[in-house]
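K.L.:
Chains as they are written, first to last, in the numbering used here: chain A, 1145 to 1619; chain B, 2 to 410.
Be aware that a few hints might be false.
Straight-line distance between alpha carbons at most 35 Å, and here's what the computed DSBU-like set of lysine-lysine pairs gives [said to hold, decoys possible]:
1. K1194/A / K222/B
2. K1194/A / K107/B
3. K1485/A / K1194/A
4. K1435/A / K1363/A
5. K1430/A / K1334/A
6. K1430/A / K1194/A
7. K222/B / K1334/A
8. K1485/A / K1435/A
9. K1485/A / K1363/A
10. K222/B / K1485/A
11. K1435/A / K393/B
12. K107/B / K1430/A
13. K1457/A / K1334/A
14. K1363/A / K1430/A
15. K1334/A / K1485/A
Just so you know, the hints here were simulated from the structure itself, not pulled from any lab data.
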Amino acid sequence: MRTVLDVMNDLLFFYYFASNLIYLALLAVALLSSRAHHQHLASLRLERMKSSPLTPPITLIAPAHNEEGSIIPSVRSLLSIDYPELEVVVVNDGSADRTLARLTEEYQLELARMLYIPHIVTARVRGIYRSARDRRLVVVDKEPDGSKADAVNAGLNAATSPYTCVVDADSMLESDALLRIMVKILEDPKRVIAAGGIVRVLNGCELSGGRIRRVRLPKRLIVVIQVIEYLRAFLIGREAWARGNMLTIISGAFGIFRRDVVLSVGGYRAEAIGEDFDLIARVHRKMLGEKRDYRIAFVPDPVCWTEVPSTMKSLGRQRARWQKGLVDTLWPNRDMLFRRKYGRIGSVAFPYMWIFEFLAPVLELAGLVAIALAAILGVLGRTLFLEFLIYGYLFAAMISVGAVLQEEVTYRRYNDWRDVARLILFCFLEQFPYRQLHLMWRLQGMWQYARGDVVWRPVERVGLESATPSTESHP
Amino acid sequence: MAYASEIPLLRAIDSKAASFAVRAIVFSLLGILSLVGFILARRRIRRRYFDRLAGAEFYVRQHWDAILSGQIPVDDWRTAHDDAEAITALTLDRLDATTDPIETAKLHTFLRGAGLLDRMGVDARRLRGWQREIALVRLGRTRAPEAVPLLVSALDDPRPGTQLAAVRGLARTGLATAAEAMLERIVTGELAIEATSLLNALMICTRSNPRVLLPYLYVAKGSAREVLARVMAETASLALGDDLLVLAHDASPEVRSSVARALGRGEFGFAFATLDTLSTDEEWFVRLRAVTSLGRFREPRALPALLRGICDRSRHVRQRAAEALVMMPNSTDVLREVLDTQDSYALQAFIAELDRAGEFERLVTELESPSGPCSGAESSRLLQALESGTEKLGAMMRISAGSKTVETM
């Protein structure tokens, strides 16, 4: 028993040490990378891009399922985005509420006579409408299929632009978000096939007329912790992985793709649990398989604000679902692991996802049990046990403070010093007991997936203007 | 695995685990303290800096005329960093805003006389990294001819970021001499041509004299040639004259496509005949550009080519032709012509475009009106055609399986 525990402790120590080193490396790369991007922006003039005839048209696709509370401010916000050639396709995914009715009343929808070519097979489209008030707005009304992916696919079929940007209907893009996200694409239009922007937490912000009037930190502890998580995921994780062209996910809440590339992989997989991660995995597979020179970029300054769950129950559901989405994509793509033709994705990014994302909850739980047992049995000195726990706690807090620093030296959305102080404070509170709860939710997700329970459960949100359940997205 | 404790490295770690853990705690603690300290210190320093700068800006704005006219001597503010920064920023803002040559000349005189242009030049030469990038763009904003050589020298910098900043700076000057320097490097392959910024810069700098492009376009090869042709398409003017006619028969479809695009921009005497020829090109994107350009003229003589376009085998060409046809005067006649093609896809493309442009209802009302442009029987025929076309569009939308058959239409 002692030998087993000894070996387990050593292995888990190595695992933990390796993960810390990786996080530290990611933090360092992200700090350098976003600093470079931030400085690069200083010599950029967005108004030039806006007036250039070379700036391509974009179709915004917003799937909406039972969004009657938030659909009008969302669409208003999408139509007010500052971009020269914009088309907005809202896909009403079989809403049982008045989502379509509200859109019809507000935007005077009329049945559109348009060529709808179903490049991707979707659930039946009941009708396509165009707004008489703003011809840029197209609404696709389709029967429900139970997946956001199917709705996005219908939007892709209806889109007419070479680039499509998928946004959640309950999210809010900043007015210059599309111009900013196009910066990386326009710098290398032949190679950059997709780009993701940052998703930030809307809860707590002061809104007015479908726009953010003032960025504030939410009051609820559970939401502030998610702010830190989002900062860490985007400003450290995405930024660093994208630097090495190893980005494996573009958030379903805000990402731009070359439409032909998405169509060439058959669009989003309707039965995928994490459709955003799944799409990127299939894009990598196709591009690398065909030996194409391509890049998937992350642009940290175009911002999409999204509402995150504000109750434990909703958050738990969301995180369990994310874990299911992770395994649902990793497993079918396991043949990409360590295959030469899949380059860094197969040899670095996917192994990382397997070991440090998918297996993390299992190993973390095993680690906690092994260390506790070892401490009880005297294999591990109690002082060392305590020291190890303190180290784990402090190191994780340091990485989170690193994310706050990253935010501070680059984009500084939280201007009030009290908000920054709270963010730093919550970096310490996040490690206990939230981290342990998170571990449980992820294990729950794995268990549900193993049992074949992949039923989508709505995540309750308050909505931009009123309470409404809505779709969710991976950060 | 059971023998892992026999691995020397593991054993060594095990024996030193305690001291390692303590060191790791100290490291993490120091890390946190440094990060928090940095955040707090940076906030404080930035606040003080911006307060100072705001004060300087306020002073400069209050005394702008006196500074510009030299009533306040340069020596009073040149060595005061914040004042000089504020004055430079304000001068550049004014230069950005003005199109008046007299005002521009006045501001240039001030920049030169106060030594600000020299200082910006020194910055653009001596600074490194991102600071140099910012200095280069700032130098370009002056639109002073003497800025061009300095910016051109930065084009030869090995750092792509510096090259890009130099391109942006040259774009800001908008001068033809700046274009020539970029063109030379594109043709010789010294300048990477992927960035859209480069295309934008060339467009801006060649707009006043697009002929500057031609010698380079004739000698350029491969993708460089395509890029230059694309620039020409956006800047073409009557000055290009017969050269466009020659390039319309170029072997490269990208060049032919750019010529088609260019011909839609100006009143070239040979535009119709050339575009008519290009609308039958073997490459679909050349035909697409040709019908788009023909549509811009909104003249009946473009009708035959546009009707050919709406029956094209490429869906994209059909769509653009439909877009152009909807913009033509006398929609009833155009509808009749479209019907005469007896191509149901052409009719559907036309209806879809009418709807997108918000013209469908207007046309129906016009046809239904007793004082409409055609007789009762004829208007019934046209209305019926619109109705059946709309029905077919609806039926197509309902197809959610077997998409391949629809795609090949």
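K.L.:
Which numbered hints turn out to be false for this structure?
P.N.:
3, 4, 9, 11, 12, 13 and 14
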